[in-house]
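Asks: Sequence:
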Amino acid sequence: IGDDFDANLVNKICEQALTDRVRSPQDRQRLPLRARLGIQNSKVLTIIEMMEANLSEPQALINVAHTIGLSRRQVERLFRQEMGRSPARYYLEIRLDRARHLLLQSSMPVVEVAVACGFVSASHFSKCYRELYGRSPQQERAERKMLIAA
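Residue numbering for the sequence shown follows the working numbering, beginning at 1 and increasing consecutively.
Everything labelled a hint here was simulated from the structure, so no lab data went into it. Backbone N, C-alpha and C define an ideal beta-carbon position, used for all residues, glycine too. A couple of the hints might just be wrong.
[Said to hold, decoys possible] Derived CB-CB ranges, DEER-like: (1) 89 with 9: 15 to 23 Å; (2) 69 with 37: 15 to 23 Å; (3) 49 with 132: 20 to 28 Å; (4) 123 with 101: 19 to 27 Å; (5) 107 with 77: 37 to 45 Å; (6) 74 with 52: 17 to 25 Å; (7) 149 with 72: 42 to 50 Å; (8) 112 with 53: 16 to 24 Å; (9) 67 with 101: 22 to 30 Å; (10) 49 with 73: 18 to 26 Å.
Kindly generate the complete structure, drawing on both the sequences and the hints.
Replies: Shown next as structure tokens:
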């Protein structure tokens with residue numbers, strides 16, 4: 001695969017192929033962030049590590065910035081440079097990615113998935129999920145069940 005496709009796609013395929021269980025938030029990633037995301041900036045890596053460690057209780061950007069010794073604006077600028085999007089958008093995307101994984105790999109009720117991924121409202125979770133993935137969490141789970149049954 002590595003000969004035919006770029007490293008980012010290969011890493012994503014490896015991640016999917018190696019999924020044998022739902023990881024808890026305390027479990028370590030299989031690939032180091034530096035390799036998984038292809039970024040070198042240590043401050044951005046630290047920010048992302050903090051985000052990933054706090055999916056169920058998202059941290060305010062000002063607190064994250066303070067922890068690494070930068071202003072909120074510096075963090076936003078640095079993050080956008082490295083990741084191509086705002087820290088808030090990235091944080092939302094990784095929370096929704098975790099939610100999608102839980103929806104597809106567990107039998108947790110949608111409300112519990114929402115709470116586990118830091119959403120205080122199931123309706124807000126569903127709205128954000130639909131905006132990113134084009135279908136509701138319930139539709140996602142139903143489609144997955146139909147595929148498995150087929």
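Asks: For every hint, state whether the structure bears it out.
Replies: A quick look at each hint next to the structure:
no., hint, result
1, 89 with 9: 15 to 23 Å, "holds (22 Å)"
2, 69 with 37: 15 to 23 Å, "holds (22 Å)"
3, 49 with 132: 20 to 28 Å, "holds (22 Å)"
4, 123 with 101: 19 to 27 Å, "holds (21 Å)"
5, 107 with 77: 37 to 45 Å, "holds (42 Å)"
6, 74 with 52: 17 to 25 Å, "holds (21 Å)"
7, 149 with 72: 42 to 50 Å, "holds (48 Å)"
8, 112 with 53: 16 to 24 Å, "holds (20 Å)"
9, 67 with 101: 22 to 30 Å, "holds (26 Å)"
10, 49 with 73: 18 to 26 Å, "holds (21 Å)"
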